[in-house]
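Visitor: Chains as they are written, first to last, in this note's numbering: chain A, 1 to 284; chain B, 285 to 645; chain C, 646 to 849.
These are calculated hints, taken from the structure and not from any lab test. None of the values given here were measured: they were computed from a predicted structure. Please note that a few of the clues may not be correct.
Claimed, not checked - List of simulated lysine to aspartate or glutamate pairs, DMTMM-like, C-alpha gap at most 25 Å:
(1) Lys776(C) with Asp588(B)
(2) Lys143(A) with Asp357(B)
(3) Lys542(B) with Glu12(A)
Claimed, not checked - In silico negatives: residues of chain B with every beta carbon more than 12 Å from chain C:
(4) Thr336
(5) Asp343
(6) His380
(7) Thr409
(8) Ala431
(9) Ala435
As the list claims (entries may be wrong) - Quick look at which bits of chain A chain C covers, simulated, 3 or more residues with Cβ under 8 Å:
(10) 51-60
(11) 199-211
(12) 238-247
The C-beta atom is built at its ideal place from N, Cα and C for all residues, glycine as well.
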Amino acid sequence: MRDFLIKLSKIERRYIYLALFLALTLPLIFPPNFPQKMSPTVKSVFEFIDTLPPGSHVLLSADYDASVLPEVDPMYRAVLKHCILRGVIPVGMTLYPQGAVLALDAFKEAEEYLGARRDTDYVFLGYQAGFQAVILGIGENIKNVFPKDYFGTPIDSIPAMRGVKNYKDIALVISFSGSSVPVTWVIYAYSKYHQKVAAAVTAVSAADFYPYIQTGQFVGMLAGMKGAAEYEYAVRKIMKDKGIEKLPPAKAVKGMDANSIGHLLIMLFIIIGNLGYFASKRRK
Amino acid sequence: MIWIYLIINLLGNAPPRVFDVPNDGGNALMLEWQLPPDSLGKVDSMLILRKTLPEGKVDTITKVFINHPEFVDEGVNYKKAYQYSILYFIGPVQIHSEWSPPTKPVASWIDTRKIPLFILMILYTTILLVYIFTARKGRELYLRPIAGLEAVDEAVGRATEMGRPIVYVPGLSSISDVATIAALNILAHITKKAGEYETKIIVPVRDPVVYTVAREVVREAYYTIGRPDLFDPGQVYFATDSQFGYAAHVSALMTREKSATNFFMGMFWAESLILAETGASTGAIQVAGTDAVTQLPFFVVTCDYTLIGEELYAASAYLSKEPLLTASIKGQDQMKLLIMVVMILLSLLSVFGVNITLGLF
Amino acid sequence: MFQRRIPLIIVFITGVLMSIQYFIPHPISQSAYNIALTWFRGVASMAYAIAVISFVRHHSRRLKQPQNRFYSAVALLAFLFMCIAGFGFGIGEGTVFYKMYLNVQVPLQATTFSLLAFYMASAAYRAFRVKGFEATLLLITAFIVMFGVTTIGNYIPFIPRLTEWLMAVPNLASKRGILIGVGLGMISTSLKIILGIERNWLGG
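In isolation and in its complexed conformation, chain A is listed as follows (with noise of 0.2 Å):
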C-alpha cells in the first residue's frame, strides 16, 4: 500500500494534464448540471427580485465589455429573465460604450425564449456618457438623461416606463461591472436618493465590494462564474416550472460544472501527493 503512494504521489506531470483536460472537457460535451445552491450573497439579490410585485421596475445597467464576458454577460442575462418571469419590468441602460450591444444581445435572447415584447416586457435604453453625471440625472428625472430609448422611440410614449420618473420609482439597480462601477452607483445612487443597488461582478473584483455588502450599502451580489451559475440555475428552474421547454443555453452552469470538477479534481491530487509524502516520510 505504502509503495503504491508513493508511486501514486510521484505520477507523471503529462497524466496530470490529460486528467484535468479530461475533467474540464467532458463536463462541458456531456454537462452533468450539478445543482446549485444558491450562496446569501447571490440569494439576497434572488429574493429581492423575486418578492417584488409585477409592474415594479429594475434598473440593470450593463456596465461592462467583452474581456469579461464570460462571467458578467450570463448574470446580465440571468437576472434580465428573472424579472420577466415575475412580471417586473427590467429596465436596460449601460454606462459603457461596448455594454450598449452585449446588453442589447441579452435582451434579444429574452424576446426569443419568453417571448418578451420590447416596451411592454422590458425597455432598452442604451448606451449614455457621463457617468456620475448620468447617475445623478437619473435621480432627478430620467428622460431628462434618456429622452428616448436606445431604438429611438420617446421615452414618454413606451407604456413600460409611465409613472417612471426617478429613483422613487425604481424598485433596485444592479451594476453588472468588471471594475469599480458599482462604487459610483453607491456613491451617487444610493448616498444621495438613497436607492437601493446590487452589484454583479468578477470573482477578482469581488472581494472589495464585500465591505459594502456588510454595511448594507449593497443589497446582495452576484461574484464570478458561481454567482453567475446559481442565478442562471435558479432562473431556469423557475422557466421549467411555468412550463418553458426552449431553455437558453446555460453558459454559466454548465462552466461552473467543469470548474467544480477540475478543483476537485486539483484537490484529489494535492490529498494523493500528500499520501505519498507521509507514506515516503514513515518508510525514511
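Got chain A; can you put chains B and C on it based on the hints?
Guide: Structure of chains B and C alone, referenced to chain A:
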C-alpha cells in the same frame, strides 16, 4: 394663477452665482442658483447659457436638474471671462434669468489639496537623505538576510558548473514601471557576476525601450569588469510585445537551452505561472522578484526563492553593499515604522469612537 | 565623463521638475507634462524600430543553426507576411491583417492563456505538502477557498461565509500591507535614481 405667479417670480430671479473652482488649471467655474420653493415640479427643464467675453459668443452648456442646483463648467479658459444665465422652460414659456457678472477662472499655481502629500514627500525624502548622509560618514548599517539574494551567487555558480546558460527575464512592463528599473539594476549585478565566471546570460525582452536599456546595461556591465569581449549582441534581444507570445517564447527558450538558472525580476501578469512552471519542469534553479501582489503566490509556489514586493527594490542595495544604497533601505524602514505607528494609533482611537484622518486624506 | 554625467544631469532635472509638476495645476505645468509625454511617445516609437531590427537580426542569425532554423524561419516569414499584409492592404476590418489577427493570433493567445489551468494543477500538486505548521495552514486555507468557489461549497454550511471572510479580511489585509511596502520602495528607488545614487541602470 400659479403659473403667472411662478413666471413673475422667475422673471425677477437672480442670475446664478459663479465661483472659481480652486486648485485647478483655470479650466472650471462653479455655478449655484436657487429656485423659488414652489417651482419644484412645475419647471420642466432648465438650460445653462454661457457668454464668452470679450467676443460675446453665447453657448448652451447643458440641461440641469432641479433638485441639484449646482453645476461645474469645465470648458472654460483662464485667459477669458465668462457670464452665465439660466433659461427656464415652463410649458411653452421660456424665461431667461439675468446674466451673472463677468468672472474669470483662476489658474492655481499650487494645488492646496496636495499639500499634505507634499509634506509627507518632503518628510520621507528628508529621512532618506539623513540616512544617506549618515552612511557617508562610514557608519555601517545592518540589513536582514534575504534568502533570494543570498542565493544569487549559488544560482550563478550552478550555471557555471553545469555549463548551461542563465535566462534573465526583466519583467513584461515598460521602462516607466519602477519594478522594471529595479530589475535592470539587478541585471547589471548578475551580468557582472556571470561575466566573472564567463557564464552566458540570455535576456529576452518584451518592451522595445526596455530592450535598448537592457542591452546597454549588459554591455556596460561587461565593460566594468574588464571583459567587453564577452558581450554578444544576440544575448539581449527583443522577443515580441505580445504577452502570451512572449511567455511562449521564453518557455521554449528555457526548454531548448536547458538553462540552469532562471531569474524572473520585474512586473508580471497572468503569464508568470507559465514561465515559472516551465522553468521548474526543466530542473532549473529559479529566483523571482515582483511587486505584483497577484502573481506572488505563483512565484512562491514554483520558484526556489522569491523576493516579495519591496525586497525587489532592496535587491540592488543588497547585492552591491554600497553604503548609500543600504542607507536608503534603512530610511525606507523608518518611514514604514512611522506609518505603522500612525495606523495603530488611529485604529485604537477609532475603537473609542475618535475618527481623525489628521486632515491628510 | 559625458557618457555618464549627461544622462545623470538629464535624469536629475527632469525628475525634480516632474515631481514638482504634480503639485502645480497651472496650464503651463500641464503643457510641460504633455510635452514630456509626447517626447516619451516619440522615443518609444523609435525604440520599436530598433526592437524590430533586433528581432530580425536575432532570427536571421538563428537560421544558421540547424536546431533553431525551422522556428526562426516561421517567425521571419510570419513577420514579413504581416508587414506586407498590413502596409499593403491596410489593417481595418475585413483585411487580411485583421483576419489573421482574429483567427490566428487571438486563438493562439487564448490557448497559451489556457495552459495556466494545467500549470496551476501541477504547481498545486507539487506545492501543497504538509511539511510544517505554516504549510498545513496554507493547505487547509487553500482547501476551504477551493471548496468555497465550487458548487459543492454551498452545501457545506460554514464554507461560503468562511471563504468570504478569508478573502475579505486576511487576504485583503496582507495585500494592503505588501502594497504599502511596495509604494515606499517605489518612492525610494525613484529618488535614488533621480539623485544619481542608483546608477546601475546606466550599466554599472
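Visitor: Any hints from earlier that this structure breaks? Give me their numbers in increasing order, please.
Guide: 7, 10, 12
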